[in-house]
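As they're listed, the protein sequences go chains A and B.
Residue numbering for the first sequence follows the working numbering, beginning at 1 and increasing consecutively.
Residue numbering for the second sequence follows the working numbering, beginning at 1 and increasing consecutively.
Incorrect hints may appear among the rest.
Unchecked claim - Residues of chain A clear of chain B, computed beta-carbon distances all greater than 12 angstroms:
hint, residue
1, A5
2, V41
3, P61
4, S63
5, D76
6, E130
7, G132
8, A138
Said to hold, decoys possible - Cβ-Cβ distance ranges computed for the label pairs, FRET-style:
hint, chain 1, residue 1, chain 2, residue 2, range
9, A, R136, B, P129, 20 to 28 angstroms
10, B, A43, A, R49, 39 to 47 angstroms
11, A, A53, B, A144, 53 to 61 angstroms
12, A, A108, B, D286, 28 to 36 angstroms
13, B, Q320, A, A108, 55 to 63 angstroms
Just so you know, these hints were derived from the structure itself, not from any lab.
Just so it is clear, CB atoms sit at the ideal spot from N, CA and C, and this is done for glycine as well.
This is what each chain is made of:
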Amino acid sequence: MSAAALEAERLRRLADVMLPAAHGMPSAGDVSAIAAYLERVLAWRDDLRAPLARAVADLDPESFTVERLAAYHGIDEEAYVALTTVVAACYYLSPVVRERIGYPGQVAKTYDAFAYTAWVAEGLLDPVMERGPIYREAP
Amino acid sequence: MTDRADALIVGAGASGGVAARRLAEGGLDVVCLEQGDWPDRSAFPGTRPDWELAIRRRWALSPNVRRLPEDYPVNHDDSDIEPLMYNAVGGSMIIYAGTWPRMLPSDLRVRTLDGVADDWPICYDDLVPYYDAIDREIGVSGLAGDPAYPPHADYPLPPLPLGIAGRRVAEGHNRLGWHWWPEPNAILSAPYDGRRPCVQRGVCTSGCAEGAKASTDMTHWPRAITAGARLITGARVNRITVGAGGLATGATWLDRDGVEHHQRADVVLLAANAVGSARLLLLSADDRHCPDGLANSSGLVGRRLMMHPFSVVTGWWDDQVEGWQGQFGASVTTYEFYETDPDRDFVRGAKWALSPVGGPLNHILPMRAGNEVWGADHHALMARTFGRGASWAIFGEDLPEESNRVELDPDRTDGDGIPVPRMHYRISEHSRRLMAFHEARAAESLEASGCGDIGTASMIPYSGWHLMGTARMGADPATSVVNDRQQAHDVANLYLLDGSVFVTSSGVNPTCTITALALRTADLLVRSRRRQEVPA
Ligand SMILES: Cc1cc2nc3c(=O)[nH]c(=O)nc-3n(C[C@H](O)[C@H](O)[C@H](O)COP(=O)(O)OP(=O)(O)OC[C@H]3O[C@@H](n4cnc5c(N)ncnc54)[C@H](O)[C@@H]3O)c2cc1C
Ligand code: SF4
């Protein structure tokens, strides 16, 4: 295995501890989060490559737990941020995961700009109006 | 370039764009120097699935994180708040949220009413015609009749949707007997002036690809250019030049290849924002006329920096409210606790704006309220919070203090070798009391609106979006930098157009007032141009 493949493999195992299958959600590995999206994530965040490599080298997948991860925050914050950002970003790029959490992405919606006339007519603002002005007069 | 313009504007952002259009349409020959480029709307990341990654680097709000060639770093090592801005045609409006409140009458009379800080040399009524005019130029969506304000003209467009969360909070406030109102936004709710309306995508602070959120690259520059204004991009100004008589003669600037040019002008107007303009005045010091910086005989250039301490209180409901969707911008606002109440242990107050919470990454790697959780519990947390929240963004009035300031960094320079600004800024004890009170009330608001879980992110550092006060207005040249027309006391043909002129900060988002003031200054200049003193 090449060094890069080894690193990706270690990262994949760390990601499975951070995001295991539970509560009806797939694990990071179940959706091939790292394999499918790592390069795309690093394309936006080239600056994370070095600290991510540090985190992957520092954290042994054999003994890795979420408690170890929390402790790592105090040891190398930059590497911790790189690891959590990359793992989360890869996972939530998966269409399977997005579908499961009910997230269609930031989609365009149409609406009736004059719908407000209905809630005004319904009296939603009446209590506010009935109090009268609340601003302070100024000379 | 050797020609001489009637007016030279530095900075093509909010205030620069507004003034350029008025001056050019008023018949003046305008040149504007802008260090950034025209924004490319097709490159805005909001329609991409990886949008939330982009806003943590290339589309970050901080120039120190973005580090584009057109950005200049700001040293904020000694500041409780990090300054945020964007450098391009349209300026920080490219990434602003677009909420568009006016100041209130009391905001301009803080000394008279509350015995603190200073009064403005102008009053609310002086601003009203310009507020009305700028709302039309920008295309503001809102509902007139808010009892938190004196009556004023209707907005050109109806208010944006309240959304599910906005409606619940409105009902919650009705139960509490508290004020609420649909937030006015510089975002189109319907087609206007050839622009398309908002589609509720909720990505406003990484650029509105739709073009629904106003920025002067769309609302003002095309008209200014049609009227003859010349906008030079990639032009970084490093000094305002001054002639023998003490008047400004123009500015020197560097192009992208580092070649220096001089632009001559009868009148110079700075619109580089309250950090950039203070920096330029300080960079323009000269031993003969102004050893401490141009227009700085008062010693106040760079001082009295205000940025609005900012907290976020997020509430989560038991069901889905599509909390990632909707203008960002705000749906609902409240001024319930805006005005001074003698029973509190602080004076003045804060404005709140209800906004969406963002996509999955913002939930699990929160830039606002919330916790990071990993392992099986991660999924439980997401199930409990994702899409179920809304945030009260709380902007506290920031009282001016001379020790809060921008100065030149003696050690660091930008990509062109120009000293960068260095900030010293502390959130005062007074602000901390004010914010603590408001955070507690905001939690009560969300509780009354049906939220089960509530989280507070108190006075977050990554929030320096409102830059104000570094060249204050006033009648007395000993205690202010510019007069009530925003003309430098010391240099009769130098004007400041941006938030630097603010005497006090108010507790509302500033851009409506910054642009109304810029329009007023440009308008007064056009009307009185024959009387304007210019260099020989
Ligand atoms: C993330 C974010 C959200 C915001 N949300 C809101 C909101 O909801 N409501 C609101 O009212 N306000 C908001 N603001 C603030 C708003 O964007 C600013 O108040 C407004 O843009 C300031 O206008 P300006 O003209 O002073 O400066 P800017 O718009 O910042 O423009 C200054 C311009 O000057 C240029 N410049 C600076 N120095 C030089 C130089 N030396 N040479 C050449 N060019 C130079 C810059 O490149 C820039 O384009 C927000 C800001 C941010 C960053
Ligand atoms: S929510 Fe509206 S204003 Fe904001 S980015 Fe989307 S279309 Fe533009």
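Exercise. Of all the hints given earlier, name the ones this structure violates by number, lowest first.
Key: Hint check: 2, 6, 7, 8, 10, 12, 13 fail, others pass.
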